[in-house]
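Chain P: place on chain V using the hints.
Number of protein chains: 2
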Amino acid sequence: MASKESKEKSKGAAVQLKTPKGTRDWIGADMILRDEIFTKITDVFKRHGGVPLDTPVFELKEVLAGKYGEDSRLIYDLADQGGELTALRYDLTVPFARWLAMNKVQQIKRYQIAKVYRRDQPAVARGRMREFYQCDLDIAGTYDRMIPDAEILRVVYEIFESLQEQIVIKLNHRQILDGVFAVSGVPSDKIRTISSAVDKLDKVPWAEVKKEMVEEKGLAEAVADRIGEYVKHSGDISTIVTLLKADATLCANSDVKQGLEDMELLASFLDAFGVPSNKVSFDMSLCRGLDYYTGLIFEVITLPSTAAAADSNGKPAKKKGGEEIQVGSIAAGGRYDNLVGMYGKTQIPCVGISFGVDRIFTLIKAKREKEEGTSRVRETDVYVMAFGGGSFNGMLKERMQIARRLWDAGIKAEFTAKTKPRLPQQFKAAEDVPLGVILGEDESANGQVRLKVLGSGGAETDEKDRGQLVSEEDLVAEIKKLLI
Amino acid sequence: MASKESKEKSKGAAVQLKTPKGTRDWIGADMILRDEIFTKITDVFKRHGGVPLDTPVFELKEVLAGKYGEDSRLIYDLADQGGELTALRYDLTVPFARWLAMNKVQQIKRYQIAKVYRRDQPAVARGRMREFYQCDLDIAGTYDRMIPDAEILRVVYEIFESLQEQIVIKLNHRQILDGVFAVSGVPSDKIRTISSAVDKLDKVPWAEVKKEMVEEKGLAEAVADRIGEYVKHSGDISTIVTLLKADATLCANSDVKQGLEDMELLASFLDAFGVPSNKVSFDMSLCRGLDYYTGLIFEVITLPSTAAAADSNGKPAKKKGGEEIQVGSIAAGGRYDNLVGMYGKTQIPCVGISFGVDRIFTLIKAKREKEEGTSRVRETDVYVMAFGGGSFNGMLKERMQIARRLWDAGIKAEFTAKTKPRLPQQFKAAEDVPLGVILGEDESANGQVRLKVLGSGGAETDEKDRGQLVSEEDLVAEIKKLLI
Numbered sequence: 016m017a018s019k020e021s022k023e024k025s026k027g028a029a030v031q032l033k034t035p036k037g038t039r040d041w042i043g044a045d046m047i048l049r050d051e052i053f054t055k056i057t058d059v060f061k062r063h064g065g066v067p068l069d070t071p072v073f074e075l076k077e078v079l080a081g082k083y084g085e086d087s088r089l090i091y092d093l094a095d096q097g098g099e100l101t102a103l104r105y106d107l108t109v110p111f112a113r114w115l116a117m118n119k120v121q122q123i124k125r126y127q128i129a130k131v132y133r134r135d136q137p138a139v140a141r142g143r144m145r146e147f148y149q150c151d152l153d154i155a156g157t158y159d160r161m162i163p164d165a166e167i168l169r170v171v172y173e174i175f176e177s178l179q180e181q182i183v184i185k186l187n188h189r190q191i192l193d194g195v196f197a198v199s200g201v202p203s204d205k206i207r208t209i210s211s212a213v214d215k216l217d218k219v220p221w222a223e224v225k226k227e228m229v230e231e232k233g234l235a236e237a238v239a240d241r242i243g244e245y246v247k248h249s250g251d252i253s254t255i256v257t258l259l260k261a262d263a264t265l266c267a268n269s270d271v272k273q274g275l276e277d278m279e280l281l282a283s284f285l286d287a288f289g290v291p292s293n294k295v296s297f298d299m300s301l302c303r304g305l306d307y308y309t310g311l312i313f314e315v316i317t318l319p320s321t322a323a324a325a326d327s328n329g330k331p332a333k334k335k336g337g338e339e340i341q342v343g344s345i346a347a348g349g350r351y352d353n354l355v356g357m358y359g360k361t362q363i364p365c366v367g368i369s370f371g372v373d374r375i376f377t378l379i380k381a382k383r384e385k386e387e388g389t390s391r392v393r394e395t396d397v398y399v400m401a402f403g404g405g406s407f408n409g410m411l412k413e414r415m416q417i418a419r420r421l422w423d424a425g426i427k428a429e430f431t432a433k434t435k436p437r438l439p440q441q442f443k444a445a446e447d448v449p450l451g452v453i454l455g456e457d458e459s460a461n462g463q464v465r466l467k468v469l470g471s472g473g474a475e476t477d478e479k480d481r482g483q484l485v486s487e488e489d490l491v492a493e494i495k496k497l498l499i
Numbered sequence: 016m017a018s019k020e021s022k023e024k025s026k027g028a029a030v031q032l033k034t035p036k037g038t039r040d041w042i043g044a045d046m047i048l049r050d051e052i053f054t055k056i057t058d059v060f061k062r063h064g065g066v067p068l069d070t071p072v073f074e075l076k077e078v079l080a081g082k083y084g085e086d087s088r089l090i091y092d093l094a095d096q097g098g099e100l101t102a103l104r105y106d107l108t109v110p111f112a113r114w115l116a117m118n119k120v121q122q123i124k125r126y127q128i129a130k131v132y133r134r135d136q137p138a139v140a141r142g143r144m145r146e147f148y149q150c151d152l153d154i155a156g157t158y159d160r161m162i163p164d165a166e167i168l169r170v171v172y173e174i175f176e177s178l179q180e181q182i183v184i185k186l187n188h189r190q191i192l193d194g195v196f197a198v199s200g201v202p203s204d205k206i207r208t209i210s211s212a213v214d215k216l217d218k219v220p221w222a223e224v225k226k227e228m229v230e231e232k233g234l235a236e237a238v239a240d241r242i243g244e245y246v247k248h249s250g251d252i253s254t255i256v257t258l259l260k261a262d263a264t265l266c267a268n269s270d271v272k273q274g275l276e277d278m279e280l281l282a283s284f285l286d287a288f289g290v291p292s293n294k295v296s297f298d299m300s301l302c303r304g305l306d307y308y309t310g311l312i313f314e315v316i317t318l319p320s321t322a323a324a325a326d327s328n329g330k331p332a333k334k335k336g337g338e339e340i341q342v343g344s345i346a347a348g349g350r351y352d353n354l355v356g357m358y359g360k361t362q363i364p365c366v367g368i369s370f371g372v373d374r375i376f377t378l379i380k381a382k383r384e385k386e387e388g389t390s391r392v393r394e395t396d397v398y399v400m401a402f403g404g405g406s407f408n409g410m411l412k413e414r415m416q417i418a419r420r421l422w423d424a425g426i427k428a429e430f431t432a433k434t435k436p437r438l439p440q441q442f443k444a445a446e447d448v449p450l451g452v453i454l455g456e457d458e459s460a461n462g463q464v465r466l467k468v469l470g471s472g473g474a475e476t477d478e479k480d481r482g483q484l485v486s487e488e489d490l491v492a493e494i495k496k497l498l499i
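Sequence lines, in order, name chains V and P.
Counting from 16, one number per residue, gives the positions in the first sequence under the numbering used here.
Counting from 16, one number per residue, gives the positions in the second sequence under the numbering used here.
Rather than coming from a laboratory, the hints here were simulated on the basis of the structure.
None of the values given here were measured: they were computed from a predicted structure.
Don't take every hint at face value.
Think about it this way: if two alpha-carbon atoms lie no more than 20 angstroms apart in a straight line, the pair counts; the simulated SDA-like pairs of lysine to any residue are [claimed, not checked]: (1) Lys55(V) with Phe53(P); (2) Lys443(V) with Thr157(P); (3) Lys443(V) with Ile453(V); (4) Lys119(V) with Lys443(P); (5) Lys82(P) with Leu32(V); (6) Lys435(V) with Asp457(V).
Bound conformation, chain V alone (with noise of 0.2 angstroms):
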């Protein structure tokens, strides 16, 4: 019996202590910010009566089977333990396909908060991990052109003004997209290829990029050229607009046509929704990995409010391949209107964005730390603490009954769980809560206790002050008052 006990010991001492690769825990301070980021966001989704909805973490592989391209390689597979073969799911997108198409829903707006899960190479400092929070919203149903696709990014643009970040919203369409291809003489079977060269535009210069179409991909050089020209377009959507209709070759394409008609009447939506023209940057060189976008596709980058502030017309301070003032896309979507029907006969036009919630943590948490040192882990505002000479007994009961007053009333309320805490003790566990509410035995005699505002630290507070003394009847209400 000992030796085996023993020896499950050892081997318990032997466990690794760690979080598998790529994920990490959340605890207290973090825990708050982005439980305040959700509240920001969801508060906006409901805003535009969005349907919250739920699904399990896992999905039936054959649901997410052909869904990812290349990236299905990143899908994490649940052991096949007997029974339906499963895997995490990659994105909130082709579970939400999968309950449109399974409940036969022809439209509504929903919301969904949940972890996703990629089996990338992770890169923690960068905020890129293996298992992260998306926040979606997605308009389902046949509707009039633009319509949902404004009502969007009029979301991304309330969701950012409560969050207090600068952002611009860089739009392209995927239909003007391909028609831009076609024009420059891409075959049809290398737009793709060609596609997802061109969005590296934001990381790397065109030099580069070029060589990859003609090198890498055997496109013809004079092709990569007219390219070139193409996407270094970037502006306000009706400069970029006008100038492309003054192109007649590039108009006489009938995707791009249309393409065209859809950013004309998103412009004058965006207006009558109030969202400031220099909020979004229509951008040619924009294109999106995923294969399933049909029309507008859009990511949202910050600028650091400096840089914002510095800029006198109000456009994104952006320029290609040099020095970069954006952090990185914190939230993207697009028009997807055919990945639904791939799971029955209906298909169902959707338009969605995905909010890159650990990303806008990392950015919101370096911006408070800043501005406003640490912050607290809990939310506790009381501390009942109890203090007395030598013969004193802890006035245990006491404090108890103290803290049920105050709990009763809905007020945030801990006591140290000792017969006979020292002070100092109480005042230390009392860290970053707002009030002290003091107990003695002279006091307690007279049905009173002593309230008292604690220090930035309970620790630093003045330990002689004790504070001022309240009857405990009145106790509720002055600690409701000083915590207004």
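Then chain P, alone, in the frame of chain V:
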């Protein structure tokens, strides 16, 4: 190309449209109710100084190994795709213990709400799923006896008061149980298996349990009878403590002595915390399955409100093996002082509670449906519509501008995403939305709209009555008055 496409299509059509066995989607009204329950539970956790924790959905397999006894076969493994071997979490307690040991945390009140995974035979109708939520609060740290235990029970009491559910907390103490088994003559290597037989007493009559102990588990009949005498007792804490204290043989056992002291302390702390004594029942037959409990154990059962009211002395009407009025356990927990030490050198005593949110959800949903009928699937407060004669252009821009005005004011508003929607279509879409704003060309020319309180279902609303005239400037204020 065409043949490949049609092949893919037919393959796509063959995809099974379902969630994996034992899992489900959550949508709309169900999600809103579940969030309401989460909020009520976390409000109480926060009121007691709870710190939120989130851990990855999967853990290293070795972290879960050896923690769940024979239930380990229910653990979902992830496939070995190279790299670490991982498995989905089975509960929230083991990840918490891993986190404590990994971060060398000495004391914390942590809460976590997250899904857990068990490859059990699902019973969807009875709410037993393979993926389900747990909602845990645990107090870790070396404190004085029974203080954190009492606070956990106070938390249980507060939460079910807030949820307006009639409950009873059944209590027992592992040391008392162990003492009872020892004094009755159970060999020490049979204590766990006999304990799990006794645990069935809330489902099957004593005769069956005795049969299992004697015939299947080889216990002497006299020993079983002695156990039967003890485990039949239940009642308020002081009654049972007095009864057991009168048993000199039993009290000679040091485990029992310690356990009884604990129960007396607990009774006095619950009194200080204002937990009514009729909310608690010291039930000698309560055993709880998990091996790791070391002290107080508890289980929360609901009472149908009528039965609770009918019971004149306020005590739970429980009859072992007879007519059960309880609908099952909806929360459970206990003290586990040795689990964290399995991961390292430091032993950290813990006591915790886990709420079965899905069962609580089922109870409250049934009650709500009886009281209120159907619930709303989204929270939209205002539907913006337009109406006009033959040459009517649909007023899309105007509807957008009014919606924008409402969103700017934080009001939850929608409109139909069509250029010229028909009025019945708009009223249908406004089902369950309390207010309608109706635009017309004449009113709009005067800078006015009509504000209308919609019927219980928008579709049933009298479409002739177009509500009160309000200037666009006053609209937000008028709506806010109606929404209070």
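Do the hints match the structure? See the list:
no., hint, in the structure
1, Lys55(V) with Phe53(P), "holds, 17 angstroms"
2, Lys443(V) with Thr157(P), "holds, 16 angstroms"
3, Lys443(V) with Ile453(V), "holds, 14 angstroms"
4, Lys119(V) with Lys443(P), "holds, 19 angstroms"
5, Lys82(P) with Leu32(V), "holds, 15 angstroms"
6, Lys435(V) with Asp457(V), "holds, 17 angstroms"
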